[in-house]
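According to our numbering, the sequence shown is numbered sequentially starting from 1.
Rather than coming from a laboratory, the hints here were simulated on the basis of the structure. For clarity, every value in this text was computed on a predicted model and none was experimentally measured. You may find that some hints are simply not true.
Derived Cβ-Cβ restraints for the label pairs, each shown as a range [said to hold, decoys possible]:
no., residue 1, residue 2, range
1, Val550, Ala328, 35 to 41 angstroms
2, Pro159, Glu544, 48 to 54 angstroms
3, Ala710, Lys51, 28 to 34 angstroms
4, Gly18, Gln637, 43 to 49 angstroms
5, Gln208, Gly250, 24 to 30 angstroms
6, Asp420, Lys467, 22 to 28 angstroms
7, Lys513, Gly572, 23 to 29 angstroms
8, Pro482, Gln637, 33 to 39 angstroms
9, Gly18, Pro338, 35 to 41 angstroms
10, Ala710, Gln637, 28 to 34 angstroms
Note that CB positions come from ideal geometry on N, CA and C, so glycine has one too.
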Amino acid sequence: MSTSTAELLKGAAELFPGEVVTQAHVRHLDLPAGAGRFALITLDNGLDHTKPTTFGPQSLANLSAAIDQVEKEASDGTVVGVGITGKPFIFAVGADLKGVELLKRHEDALAIGKGGHEVFKRLAALAVPTFAYYNGAAMGGGVEIGLHCQYRTVSAALPAFSLPEVFLGLVPGWGGCTLLPNLIGADRAVSVVIENSLNQNKQLKGAQVHELGIADAIFEGADFLERSLVWTASVLKGELSVVRAEVDRGEAWDRAVERGRQIADSKVHGAAPAAYRALDIIAAAKDGDLQAGFDAEDRALADLIMGGELRSGIYAFNLVQRRAKRPAGAPDKALARPVTKVGVVGAGLMASQLALLFLRRLEVPVVLTDIDQERVDKGVGYVHGEIDKLLLKSRISQDKANRLKGLVSGVLDKAEGFSDADFVIEAVFEEMGVKQKVFAEVEAVAPAHAILATNTSSLSVSEMASKLKNPERVVGFHFFNPVAILPLLEIVRGERTDDASLATAFGVAKKLKKSAVLVKDAPAFVVNRILTRFMGEIQNVIDEGTPVEVAERAVEPLGLPMSPLVLLELVGPAIGLHVSETLHGAFPDRFTVSRNLAAVVEAGKRGFYVYESGRPELDPEVAALLTQGDVVLTEEQTRDRVLDAVAQEIGLMLDEGVVAEAQDIDLCLLTGAGWPFHLGGITPYLDREGVSERVNGKRFLAPGVASVPA
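Modelling step: build the complete structure from the supplied sequences, incorporating the hints.
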């Protein structure tokens with residue numbers, strides 16, 4: 001390692017005293033079949049697999065010291081090859097983001113990029129062949145260190161392999177953008193670096209890593225390293241030749257980059273720079289000049305580390321990985337009661353989805369009820385059908401499928417179904433009288449300790465419980481559609497909900513593998529309240545006279561997963577209208593009921609658009625229904641109106657104590673509405689754009705939280 005690189009890493013290590021340091025242990029072994037003496041470097045931070053191995057500055061320095069040793073051994077002929085692998089279940093998962101958060105200067109950020117490159121490049125420069133053995137989870141820098149080796153093997157049991165940097169607001173900055181397209185071609189590299197990353201950080205399995213050509217061989221997990229070393233011996237002895245597909249450096253490369261730009265446009269609409277910076281580097285890598293690519297990665301990495309997008313991305317990552325696992329305000333988990341049977345009131349689609357989720361995660365008896373046998377049978381049939389699909393995909397065994405099917409049942413009589421249930425959830429029509437009647441019927445037959453949960457999206461949990469003898473056991477348990485995919489669960493505490501019931505609800509949420517957020521019993525809770533205000537302001541400007549396409553384009557810079565009116569179509573115009581009416585009743589000065597939305601619902605339209613050309617176009621029948629004023633706003637004016645409204649609403653929600661902190665607002669939007677990670681939810685964006693201070697006179701988050709420290 002050069003003196004300058006050593007100094008860079010030493011300076012960076014001083015900035016990051018809390019680094020979880022990874023050691024690089026060198027051991028020597030004799031390869032099978034007399035192939036020679038081999039040096040194996042094992043990356044290990046000394047902790048179990050729940051604390052994955054990362055690369056901070058001291059960790060990179062340790063790796064460099066290990067390479068010093070094997071470099072000398074390779075030069076003097078003591079070893080015939082060098083390999084690198086990880087501790088059990090973990091190869092390495094890249095740069096330590098906790099250190100990245102602390103960086104305040106561009107030159108310190110540049111040091112991180114250069115330091116990683118300088119250390120990793122030394123593997124490629126060794127005088128003997130180098131091998132990476134991807135034995136477990138590999139992400140980011142963990143993937144990239146392997147790309148600097150000549151050969152790679154992968155475990156068939158490897159559960160997660162990715163370059164997630166673009167998802168967080170970075171680029172793969174230690175060789176990923178440059179080496180990967182030169183190894184497997186630009187199109188496959190674009191899929192890994194851009195498409196998978198922007199598809200909610202999709203992970204590859206071991207078999208896919210091999211199929212893509214990233215790994216030269218794949219072996220079963222049980223004896224992965226042993227088999228990899230036998231394979232290594234065959235390669236070194238010349239008995240086995242590794243043949244890789246030739247990389248197309250012609251028009252196919254350019255088409256791949258263009259495909260990547262289309263993917264980025266469709267996902268972030270130009271609102272986040274990371275994907276575009278990564279694509280620029282991939283485009284330039286076509287000529288095979290690796291050092292120029294590494295230099296470009298360093299520059300992009302430093303620029304993005306000092307930008308708001310990455311800080312928001314790390315903030316979002318921390319919310320989902322840490323705060324979601326320790327919900328603010330949740331009671332002591334020791335108060336939670338066991339749940340050995342679940343009842344579901346209703347057997348429609350939502351109720352059936354809930355039954356399936358409880359069944360799969362809790363593996364306890366689940367019973368559905370409804371008003372007639374046909375509906376009950378249909379609900380149970382849906383659950384059975386979904387279990388059969390899991391079996392067909394080999395996601396579960398035949399024995400497990402049989403067991404799960406045996407645990408789900410349906411009855412008409414609530415007394416028969418719920419007399420021994422510990423947790424009963426209703427998913428019936430969103431009308432207060434209906435829900436109160438259902439809860440009264442359930443209370444009459446369920447055990448005294450049973451939790452009564454409601455999946456209401458906007459109604460008062462306290463009012464729902466007000467006529468019961470034991471209102472303290474009623475909780476809001478608001479899921480988001482599709483239930484199997486969106487992780488958010490808004491847990492609503494009614495005015496009289498007790499700690500034991502709430503603790504039980506949080507315990508169930510954890511077993512369901514949901515991100516639970518404690519929410520005050522306020523109209524529409526968190527996600528629906530914010531989205532309704534957001535959508536309501538879009539509808540207001542349309543009603544006042546702004547063209548639909550202008551209103552839709554106005555919020556594209558946020559990089560949302562879909563436009564407001566496409567989202568409305570997904571939710572359903574009738575549901576959107578109902579929630580807006582509920583909120584208008586609660587807050588008539590801020591929430592309006594759009595006359596045009598009401599007309600669309602009355603006409604029975606499923607949305608504002610038709611898709612005959614494959615793209616959304618305003619439905620002529622809807623256009624004929626619209627009545628607009630003569631106030632026409634620009635995209636910028638519309639965006640300001642919408643963001644000001646959202647900032648005001650969030651400020652009021654925090655003042656009301658709907659959630660503990662702004663972080664919970666962001667966690668809800670990230671996990672319940674698919675809000676982009678590069679925004680950090682919504683409050684970092686409102687702070688960064690100056691909207692928070694313009695509307696509320698203060699930021700939502702302290703400087704340095706989801707932003708570069710001062």
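Going through the hints against the structure:
Separated by about 39 angstroms at the C-beta atoms, Val550 and Ala328 satisfy the suggested range of 35 to 41 angstroms. The hinted range of 48 to 54 angstroms is satisfied by Pro159 and Glu544, whose Cβ atoms lie roughly 52 angstroms apart. Distance hint check for Ala710 and Lys51: the Cβ-Cβ separation is about 30 angstroms, which falls inside the suggested range of 28 to 34 angstroms. Range check, Gly18 to Gln637: Cβ separation about 46 angstroms, and the 43 to 49 angstroms hint holds.
Roughly 26 angstroms separates the CB atoms of Gln208 and Gly250, a value that falls within the hinted 24 to 30 angstroms. At about 24 angstroms, the CB distance of Asp420 to Lys467 agrees with the hint of 22 to 28 angstroms. Our hint of 23 to 29 angstroms for Lys513 and Gly572 holds, since their Cβ atoms are close to 26 angstroms apart. A beta carbon spacing of about 35 angstroms between Pro482 and Gln637 agrees with the range 33 to 39 angstroms that was offered as a hint.
Checked against the given bound of 35 to 41 angstroms, the beta carbons of Gly18 and Pro338, roughly 39 angstroms apart, stay inside it. For the pair Ala710 and Gln637, the supplied restraint of 28 to 34 angstroms holds, since their beta-carbon distance comes to about 32 angstroms.
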